[in-house]
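Residue numbers (this note's numbering), protein chains in the order written: chain Y, 1 to 146; chain Z, 1 to 146; chain D, 1 to 146.
There may be inaccurate statements among the hints.
One copy or two, either will do: identical chains are not told apart, so a pair holds if it fits within one copy or between any two.
Stated by the list, open to error - Here are the computed lysine to any residue pairs in the SDA-like style, where the Cα-Cα straight-line distance is at most 25 angstroms: (1) K20 / F122; (2) K116 / A44; (3) K116 / E42; (4) K116 / E71; (5) K36 / A117; (6) K20 / E42; (7) K116 / V142.
No lab work stands behind these hints, which were simulated from the structure alone.
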Amino acid sequence: MLGSEVWMCFIFYSTLLILKMYILAIITGQVRLRKKAFANPEDAERHGGTQYCRSDPYVERCLRSHRNDMENIFPFLFLGAVYSMTGPLYSVARIHFLVFFLGRVLHSVAYLLALKAPTRSFAYVIAQVPCVSMAIQILMDVASFA
Amino acid sequence: MLGSEVWMCFIFYSTLLILKMYILAIITGQVRLRKKAFANPEDAERHGGTQYCRSDPYVERCLRSHRNDMENIFPFLFLGAVYSMTGPLYSVARIHFLVFFLGRVLHSVAYLLALKAPTRSFAYVIAQVPCVSMAIQILMDVASFA
Amino acid sequence: MLGSEVWMCFIFYSTLLILKMYILAIITGQVRLRKKAFANPEDAERHGGTQYCRSDPYVERCLRSHRNDMENIFPFLFLGAVYSMTGPLYSVARIHFLVFFLGRVLHSVAYLLALKAPTRSFAYVIAQVPCVSMAIQILMDVASFA
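Looking at chain Y on its own, in the form it has when it is part of the complex:
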């Protein structure tokens, strides 16, 4: 049993975001194959020769996008779980999770399609708002016990 409505909502969006990250890893691999740009000599050798052990701007872009996901989605997995335990209203909690989810999906799209600035930065900031909000609510909840 997973428990409350808030928790289920959190788990739903979190799992989707993890799948989104997995898809990004697959895209990176496909770009490496298509552009013949591998990070390791052993991979390059298998796909035509060690001259293909080289960097590529679009592979670098995918890696930056994935790294930004790690920097932001992983903390959300923690903050969202703890926040869910503080007993928030379902409607309020859902907004937090949904805004983060939509912000991070837009961030990935903006990164991969190299959308005009500041689309990506806007998506990043939008997604940070619920995270900082949850962090503050968690700290207030902890403070009320101290």
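Given chain Y, put chains Z and D in place with the hints provided.
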């Protein structure tokens, strides 16, 4: 108290994988010292001079291996914990955790020893199977409540 | 409800460390703007031209600091949560969390200010001690059930 058999099994493999990541960090540091290849001028200065602030292919390999661990082991820590709460059969859950664990250990070995492709990619895919399986089961569990 | 004293203490330091990581991301962005060193052509174009799509040593330093946080703070979020469930003494648990917290704050300061080696390495090792201690206690707890 940590609770159920499934949970204990998950905690066991997860903790071992975190220790594996810590060992990788130690290896990276040792390679930096042995090859005299430091990322920071202040480190290079302490070990012979700023000319040793330089990159090294094997250090880069260690860093890629560690990064790939972050991309895959951290999501497992989340998915495995939530999956454990959905009440899976112990035998089925154990297979999920064990396959992931073995896949990730093989991935690290293949990376550090630069084993012939596609050994490393094979290990990556093997480890992803239980993760995607858990993600799907979690989403189905959540959907059954919605 | 968040529960026990140990748990509250863990949540408190963990949330502060996540906020510390968010601040590091903001610093990185500010350094990019001030030094005019952007990772993406679309960002550079918005801030003066594509010639500003370039790397910068201090931006690289911020990125290494942030990455090291991911390598160490994310595993702590997992180990600390599980360790809290094993029923440790509050006084002992608090020392674990506090040492990790102080070690990681010092690590960031040492990195960003490029303090003389081995200050940063010292902070890294100090912060790893409670992590390895928690990992061992978790494994012993799991073993006692097996």
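Hint-by-hint comparison with the structure:
1. K20 / F122: Both, since 19 angstroms and 21 angstroms are each at most 25 angstroms.
2. K116 / A44: between (33 angstroms within a copy, 11 angstroms between copies)
3. K116 / E42: between (37 angstroms within a copy, 6 angstroms between copies)
4. K116 / E71: Classified as within: same-chain Cα gap 22 angstroms, cross-chain 27 angstroms, threshold 25 angstroms.
5. K36 / A117: between (28 angstroms within a copy, 15 angstroms between copies)
6. K20 / E42: Between copies, since 23 angstroms is at most 25 angstroms while 28 angstroms is not.
7. K116 / V142: neither (41 angstroms within a copy, 37 angstroms between copies)
Going through the hint list in order, the structure does not satisfy hint 7, though it satisfies all others.
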